[in-house]
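Working from the sequences, and respecting the hints, build out all of it.
The lines below spell out each chain.
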Amino acid sequence: MMVVFFAAFLFAGNINAEDKNPIKIGFVGGLTGRNSDLGIQGRNGATLAVEDINRHGGINGKPVQLITRDDKQDPQTALKVDRELIEEDVVAIIGHMTSTMSEAALPLINERKITMISPTSGTNKLTGIDDYFLRVVNPDIQLINLKTDYAFRNLRLRRMAIVYDLSNRTYTENYAANFKSAFERLGGKVVFSDSFMTGPDVGFKGFARKILPAKPDGLLIVAGAMDTAILCQHIRMTGSKIPILVSGWAQTPDLLRHGGPAVEGVVAAQYFDHGSLAKPFVMLREKYRARFGDVDLTFAVVTGYEAVMVVKDALSRNPDPKRLKETILKQKNFNGMQGVFEIDSYGDAKRKGYIATVQNNRFCGRK
Amino acid sequence: MKKLTFGLRNILIFSFILLGGLPILVMGFIAIKFISADIDMEVRAKNLLIARSFSSEVQTFLDEALSTLRLIEDAIIKKQYIRRDDVNNYLNDTLMVHFEFDSVAILDEKGIVRFAAPYDRDFIGMNLSGQTFFSRVRQYGQPYWSSTFISLQTGKPTLMLAVPMKGGIIVGYLNLATLSLATGRRIQTGRMIHSLIIDREGTIIAHPDQNKVSERQNMGYLEFLRQENRRHEGDFIYREDGREYLASLSPVPYTQWTVIVVVPVDEAFAPVARVRKLFAIGASLAILLATAIAFITLRKVTNPLSQLVRGARRIAQGSYVPENIPSSYKEMDELIYDFHLMTLAIQSREKELKESKETLQVFFDAVHESMVIINAEGIVLLSNATGAVRLGKTVQELVGACLYDHFPPDLSVNRKEQYEKVIATGEPVFFEDTRAGRYFGQYCYPVFGGDGKAAEVAIFGQEITERKKAEDAIHAMAQRYHTILSHQHYGILVVAEDNKIEYVNQIFCDQLGPSWTPSELIGLTAEEIIRIVLHACTDPAAMSAFIRESVAEGRLVLGKEVVMRNGRIYLVDFTQILIDGKRSGRMWLYRDITERKLAEDQIRASLKEKEILLKEVHHRVKNNLAIIASILALQSRHVQDETSLEIFRECENRVRTMAMIHTKLYQSKDLAHVDFTSYIQELANDLFVSYRVNSDAVAIKVDIEDISLDINVAIPVGLILNELLSNTLKYAFPVEENRTGDEKTGAGEGETGSKGEIVVIMREERIGELPSPLAGEGRGEGEDSMLHALRYTLITLSISDNGIGFPDDIDFRNTKSLGLQLVMALVEQLEGTIEIKRNGGTIFIVKFKEER
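Protein sequence lines correspond, in order, to chains A and B.
One point on numbering: in numbering that gives the first Met the number 0, the residue at position 168 of the first sequence is 167, and numbering is uninterrupted.
One point on numbering: in numbering that gives the first Met the number 0, the residue at position 543 of the second sequence is 542, and numbering is uninterrupted.
Rather than coming from a laboratory, the hints here were simulated on the basis of the structure.
Beta carbons: idealized from backbone N, C-alpha and C, even for Gly.
Quick list of simulated restraints, FRET-style, between CB atoms:
(1) B:Ile280 to A:Arg54: 40 to 48 Å
(2) A:His55 to B:Met191: 28 to 36 Å
(3) B:Gly233 to A:His55: 25 to 33 Å
(4) A:Met196 to B:Gly124: 21 to 29 Å
(5) B:Val308 to A:Arg54: 52 to 60 Å
(6) B:Gly124 to A:Ala213: 18 to 26 Å
Following this line, the structure appears as structure tokens:
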């Protein structure tokens, strides 16, 4: 016993305590590149959620480890990093943040039966399918309907122009098509529709000039925040004051930062009430600021947080990761930051939608 | 809590180790402490110096960037070296030299981009007034450093520097990749040390790992890197991926960035680890050496001790064979010697104990009642032979078995309840029950354990079947006697020896008053009952004295008459109750004789009346007989013939004799019995007068016991006496001088010539009980035969004289003498006997039975 005591004393500095085997959760999103703001915000939300869980003792007494990967907004890279995460024995993958990447990962996760929960992929192409792809946001069709209804009835728009970014084709093409259908169903007309590929040489100035001759009384931009901001700038530079509607993809601080006055009055639809006073949301906002500095809380942060919490709730009920999907679908209802939301039997969420506009360089609640 | 016990060897070895190792440990600890502190301070200072130096370089970098933009301002705006058309080109040239800038733009007062390099037509004309830098620069007029962001053009982490100028703002976009290059280049000592820079939000903007920068990873999870904690220099230790790191911080004031120099702790404090290892080796060697010495030295102590321990175990197992234990020390020798002495003493005492135990066991088994000890679960721990036999087992079979298994279910439940009560309460319990028709008294006592709580029960079982039967019999008898006593016609009061009323019947209660009942009196003290009785008496004082004396004397008292206030008269009997000669209380009997008393009074009155009548009768008879005697006396005066005169005299004497009887009867108390002593004296006197006997010549002695005879016997006896005395007076003493007056009779001197003497003796002898004459008349022998048995006495009457004697030739039984014939007839009437003896005179002995 004395020898053990001495050895412990002498070699105390060399002894490192091993953590208990942590529960690994993967996160994948576009962390670099032009539209990395969404991925970074989603990652930050997931990071905050994991840190909160570990602060409260982990899941079933085990700590949680978040393993992040950058899909670089490239489908091939997305598959590669998903495989890496699966090899790391993650119990679930939070991601991808864009619909195109999520669509690319679908065959792999179904084959390997790994549950993937996307905080932001809203494409309708993935709606109502019994697979391992789940999401904490509604299919965009609901927001699209909300937006078209607002555009038609509130803004009294009748002639819409639509432009979209092909780099996230799965999302943007589907979004544009659904908007067109819904708008025309209401009695409107899409007078212009065109696409572009994001990059430094888009030529937004010329692109803006292409839109206006069609005399639209409203413009829908389905692109990331930066591209949307630049396009808004150039639209306004032409002197046009037409109402601009943006997709949820663009609802990040980068839109405000880079758009400046050009994005004042821009209309967006989201499953996210910027002015919510719900206590979990207010507390999350404070925690995010304390953790990541004086930055705004975006929907990607909130849904990234909520996606991790869905995994935590399910594993708390049933620690078997092989039955994670089943547990989530069985539980059905989850506490979100702004109220309860539902995940249906196909893994699609049902949440309330909100209309927001940019006022004084801020997204403001529903109009 | 389990008590730890340490062996002597271990303690001594530990002490050796402690003595040998403790100083080394203490000194080593202190040395390591000091060394660690010095190294710690040195490493921290060194790293902080590095961080500060790097921070200064970053600051220089930023200063250079600011200078560059100021140069541009100077060239374009102030000195107007550059024409408007050439501004874009100038800016491009500037970028080629100052590659830290990704792009530069010049904005007008409204925030519209007028010039930009590299030239981007999409960028020209954009309104950047919404961005924070614009309002800040406009507000403060000072250069503004933005937060890091992803560049519009490059899509890479970028820092923007906005410098106010006349008519607008110059904005430069710094590529933060250059900072990462700097961090990677900075430290090249090969000690895994690296540095990084984080912005004011904690986002990594420079790091040897570019991915951390491009992915905009945030280090806010480290508390010490939160914004509020990074305003000053300092160092912190944190843990990441299972390893500890020392982080030295130095702020960059312009941008509120923080330069961090990170080194693994184990790398930083490697010298301390080396010293610690060296110390560990040295201490281990010292301890080993101390242990070896301890083992060798202590062996000479512990070996003998071990042998003593083994010896003690052998003794415990009963083996007293001594063992030779070698020793190297005087103290051990003494211990070994004392151990051997102790062994012998134990052996001897064990033998005594064994013998004592065997003796006790004999007594234990000899007890005729069962003695069993059980535990709380009913398991038999000890039993004597009687206890086992009663359950049909041997002692060996019973010990260890459950006692309750040996009883019928009902009995088992009851006994179990009682035994458990003993354990629960710690108090003895006694109860009785039956098994197979036999009664048992169970005396159960708690046996207390070391904790003072009852843990076992000692049961003494006594068979009380016979006692129960006796009790039942006694109870039945008591009930029977109670019934008998209750139905008696007299009051009964029994006082126990403790002066409490033990028994009283209703008849006794009735004498006290109408409302008293036995239940009210039983249990009262003697004093209380006496008060009640006295209150009910007409003469309480006398009754109290009677009671007191009776109790004090303790003798049988019968027939004390007591009159109660209710008018009843009781006859009180008192007796002491003795059982085997010892006092066991006392009993009072109250017989109501009220009616009897009334009857007695009536009878007494009637008897009085009859007595008077009877007296009168005897008086008249006496008078009549006296008249007859007088008539005969008168008539004899007219008789000349001596023989006739004699006959008249004899008749007169006979009549007077009978008259005298009646006189005596008249004088007697009961009018039925005659006092014969005085009668014979008077009769003799009369005869002496009648036969004119000289009392100086003949004397009569009467020796008669105090005898009274019934009238039916007195008259015949009186006549017999009369005849025999008359004969004696006439014939026994023929000398004429013995006569008085003129007549000479035969009464005179005796045969020898001495004075004549007549002796009349009458004795009474009790001859016991004789069967009633009526016993043969159809009455059974046991049927009231006692009532009819008669008590008799034998009366012996002897008349003797010392005269001439009765002639031998005369058979007195068969004579012509009227007197003797009369005697014989009277003897026959008395159913007696008569005999004569001639022995210097004559003795007539008459015997007859008298009923008493």
